[in-house]
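S.K.: Residues per chain are reported as follows:
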Amino acid sequence: MASALLSLRHINPPLRVAQTSVRYAAKEINSSDPRIEIIRRVLYPSNLRNRASPTGGWRPDVGRRLQRAIPSVQAHETIERAWLLHQRHIRRSRQSELDKKFQSMRNAMEKLRELDPVLYRAANELEDPRARSEEETELLKTLKGPEKKAMEARIRGLFPRELRVPTETPSRDGWNYNWTPPSRTVQ
Amino acid sequence: MFSRRAVASCHVRRNAQRTRFPCRSLATVTDSSSASTSSAVPPLAPSKPKKESPKYTLNAAVILNRSPIITRTPTAFEKSYHAYQSRIQRALFNPFPNEFYFKPGSLLEGKFAAEEREREKEAFGGPGRSDSSDSDDAAIAASKQVMEVLGEEEAVKPMPRVHESDLKGDVKSLDRKGERNLYLLVRGKNAAGKEIWRFPQGDVQAGELLHDAARRDLHAECGSFMDTWVVSRNPIGVHQPSLSDENYIFFYKAHILAGQARPDGKNVHDFAWLTKEEIRTRVDQSYWVSVEDMLSDF
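Those protein sequences? They're chains A and B, same order as listed. If you count by our numbering, then the first sequence holds residues 1 to 187, one letter each, in order. If you count by our numbering, then the second sequence holds residues 1 to 298, one letter each, in order.
Treat the hints with care, since some could be wrong.
Unchecked claim - Chain B stretches covered by chain A per the calculated footprint, using a threshold of three residues with CB under 8 Å from any CB of chain A: (1) 80-87; (2) 111-118; (3) 146-154; (4) 203-211; (5) 264-275; (6) 291-297.
Since the hints were derived computationally from the structure, they do not count as laboratory data. Nothing here was measured: the structure is a model prediction, and the numbers come from that model. Note that CB positions come from ideal geometry on N, CA and C, so glycine has one too.
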């Protein structure tokens, strides 16, 4: 049994793979709509090896094009290593910032535990985003419009809806300085 | 989605937890209040440890953060690496199926071809880079022609990344330094009567939880014309102003989503939205040591 497994090792995998025996040209002169011709040519491109196609079936010019793009193999590898090093620096600094913030938080919780067990216990309670007390449900039924939106946008334990993702350029209106609180929301 | 029964059981459990502790705290409140009235000390926070320990006061402060509005500017290295990678991609990608996307000989095809020539020149630098103005003109002319024929509108120009408050140095503006994290600092009198810059803070009332106290104090000192969100029930840091005095300030992180601070004028006279280094220059050294770990570097 061991010999059978050993003999499997000597089989060389084939060097040419994915080779079709049928080669066909793209052009098919038909009197129908030229758009259909275009679609047929895109879906079934010619696999004659004379021109590079959008499907990338034959690319003999890759070496030449790469020579245009990169200075040399060594230069390319140096650039890659420099980039990975740069990413590692960024990752390290982010991690250390997070660690400092976490230590500060842990310190504060430790102090709170020493001073006041009740407040500590309250601070450690988990917020359940699904739970909503009865008064809030009742209040929500009575509210309308922007007040209702404001209350629905704030779910305990989840980030608010109005938190914006940074964009490439700032918004046309800028910051909203004239915000007024809706009158009847329960925060 | 969880069934209603699961949610109700969660709810019931939390309520049960809540009812357990008020009983315990009520017992300690009566003990401590009888002890404190005899010694003529101001009323304290609800519970007290069993051992005879020095009395303490708790304050809640808020670090109100305006998150970045715009993405960070890439460094020169990052820009050149991105340009290098896009050049490689341009060299290696398969030819674009022009006939599928554009009708041969159409105006749009001409516009696309001109833009492609532009991009190729930008990536590889064509022969005779000096006449780049001509190729620019060709691309612009092609797009203008398309606009006339198809009735497209001019592409709307985006707003600049540098705001005028950056140029003026207006520290009260919330549009300044769009890439950075800004924090609200207020100017008020400390215990000794000196004017100092600090984060908005206030006292914690009896029976009140710390994060609720933080929200209340923020709105009391800086007005309620700000849409804020306190992130969590946990404090992010603690500061003891003087070692002799048992006074602790617990900091809470909050975000501002809209509005502006309007200081009440009683405790707080002035405010500013500052980055981490700017806060360092204005704040006392001992305060800074406690606070610096809570702020974001960028």
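S.K.: Hint by hint, which ones does this structure get wrong, listed from lowest number up?
M.R.: Numbers 2, 3, 5, in rising order.
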